[in-house]
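Numbered according to the numbering used here, the sequence shown spans residues 31 to 351.
Bear in mind the hints are in silico, worked out from the structure with no lab data behind them. Don't take every hint at face value.
To be verified - Listed next, with one range per pair, are the computed distances between beta-carbon atoms: (1) 304 to 141: 27 to 37 Å; (2) 200 to 272: 40 to 50 Å; (3) 312 to 261: 31 to 41 Å; (4) 199 to 152: 32 to 42 Å; (5) 311 to 49: 43 to 53 Å; (6) 336 to 304: 25 to 35 Å; (7) 332 to 141: 50 to 60 Å; (8) 200 to 278: 49 to 59 Å; (9) 258 to 200: 49 to 59 Å; (10) 199 to 306: 50 to 60 Å; (11) 63 to 143: 50 to 60 Å; (12) 273 to 192: 54 to 64 Å; (13) 308 to 273: 17 to 27 Å.
The structure displayed is predicted, hence computed values, not measured ones. Backbone N, C-alpha and C define an ideal beta-carbon position, used for all residues, glycine too.
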Amino acid sequence: MTGLSVVIPVYNGALSLPELMRQLGVVLPTLADEFEVICVEDDGKDNSWEVICELAGTYPWLRGFRHMRNFGQHNALLYGIRQARYEITVTMDDDLQHPPEEIRSLLAKLDEGYDVVYGTPQHEQHGFLRDLASQVTKIAMQSAMGVDVARHVSAFRVFRTVLRNAFSGYESPFVSIDVLLTWGSTRFAAIPVRHEPRLLGTSNYTLRKLIVHALNMMTGFSTLPLQMASLMGFAMTIFGFLVLVWVIGRLLFEASIPGFPFLASIIAIFSGTQLFALGIIGEYLARMHVRVMGKPAGLIRESTEDAQVVDDVVADSSPIN
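Start from the sequences and build out the full structure, keeping to the hints where you can.
Written as structure tokens, this is what we have:
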């Protein structure tokens with residue numbers, strides 16, 4: 031058995047964390063000789079950090095890190111992945127909707143020669159609008175990732191930790207773990223897993239956040255919007271040429287050309303298309319500007335390991351009798 035690093039982004043998960051750690055404490059020893067759980071608290075509004083610190087005293091394999099501010103789920107995941115110590119990394123949510131015992135199935139699929147395996151929910155446990163937004167996000171992800179399994183991705187995933195070397199220098203604040211993983215491999219797979227209903231707390235992924243995430247993937251990791259703008263411009267150019275031919279034909283066979291509203295609408299179409307294309311180009315330029323500024327993807331305020339270091343220093347400074 032190889033070592034396992036379980037990375038969990040935490041945001042307002044104080045109620046579910048104790049039970050999640052209890053379940054992981056039962057399952058992980060049966061899966062690996064060495065393992066760790068890395069919780070990255072993303073500056074939530076409850077006492078999740080205090081709960082993590084308390085649990086770290088109970089479970090020595092738990093490591094906790096706390097963001098200075100809310101950077102987002104994928105940014106928290108990125109930091110946790112970079113802290114992983116073992117050969118296989120598992121990512122899961124903090125809300126108990128990803129059953130820890132399903133990790134065994136993901137690992138079995140990984141052993142078939144894949145580098146990334148997703149646990150796709152057999153039945154989504156969200157509302158209609160949330161499910162619809164999730165499907166839209168996955169369509170955007172299909173474009174950004176360029177792999178067939180993109181429509182089946184989820185936050186419950188297992189991958190070989192060595193893949194992080196492919197994005198070791200990535201520092202943009204716009205993060206999509208799934209896209210970054212494609213930088214290192216195309217051996218992706220997905221299997222259906224059980225997806226539990228959320229019993230504690232409320233979902234932190236709103237409809238607006240899902241739409242924003244989809245837009246970030248489209249403009250941050252894909253050239254599809256630029257290609258769409260180019261195709262739209264080309265199509266409108268052809269349309270304008272045909273209109274010009276029609277106008278010239280009318281000039282040759284008629285004394286006057288009625289239809290000023292029609293011509294005005296054509297001008298409005300062309301103007302709108304140009305502004306739309308410029309807006310897409312501007313979005314790309316804005317992202318380039320943000321990357322040039324060097325804005326960090328995350329920044330840690332404190333960790334449970336800080337307290338351990340203090341304890342070790344105190345112990346070393348004690349007089350020897």
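Verification of the hints:
For residue 304 paired with residue 141, a C-beta distance near 53 Å fails the hint of 27 to 37 Å. Taking 40 to 50 Å as the suggested C-beta distance range, the pair residue 200 and residue 272 conforms, at roughly 46 Å. Separated by about 18 Å at the C-beta atoms, residue 312 and residue 261 break the suggested range of 31 to 41 Å. For the hinted restraint 32 to 42 Å between residue 199 and residue 152, the CB-CB distance of approximately 37 Å keeps it satisfied.
One distance hint, 43 to 53 Å for the beta-carbon pair residue 311 and residue 49, holds here, with the actual separation near 49 Å. For the pair residue 336 and residue 304, the supplied restraint of 25 to 35 Å is violated, since their beta-carbon distance comes to about 54 Å. Between residue 332 and residue 141 the Cβ separation comes to about 37 Å, which falls outside the hinted range of 50 to 60 Å. Checking the proposed 49 to 59 Å range against residue 200 and residue 278 shows it holds: the Cβ atoms sit about 54 Å from each other.
Distance hint for residue 258 and residue 200: a CB-CB separation of about 25 Å, inconsistent with the stated range 49 to 59 Å. At roughly 33 Å, the beta-carbon separation of residue 199 and residue 306 lies outside the given 50 to 60 Å, and the hint is violated. Against the hinted window of 50 to 60 Å, the Cβ-Cβ separation of residue 63 and residue 143 comes to about 22 Å, which falls outside the hint. At roughly 57 Å, the beta carbons of residue 273 and residue 192 sit within the given window of 54 to 64 Å.
The given range of 17 to 27 Å is respected by residue 308 and residue 273, whose C-beta atoms sit roughly 22 Å from each other.
Checked against the numbered hints above, the structure breaks hints 1, 3, 6, 7, 9, 10 and 11 and satisfies the rest.
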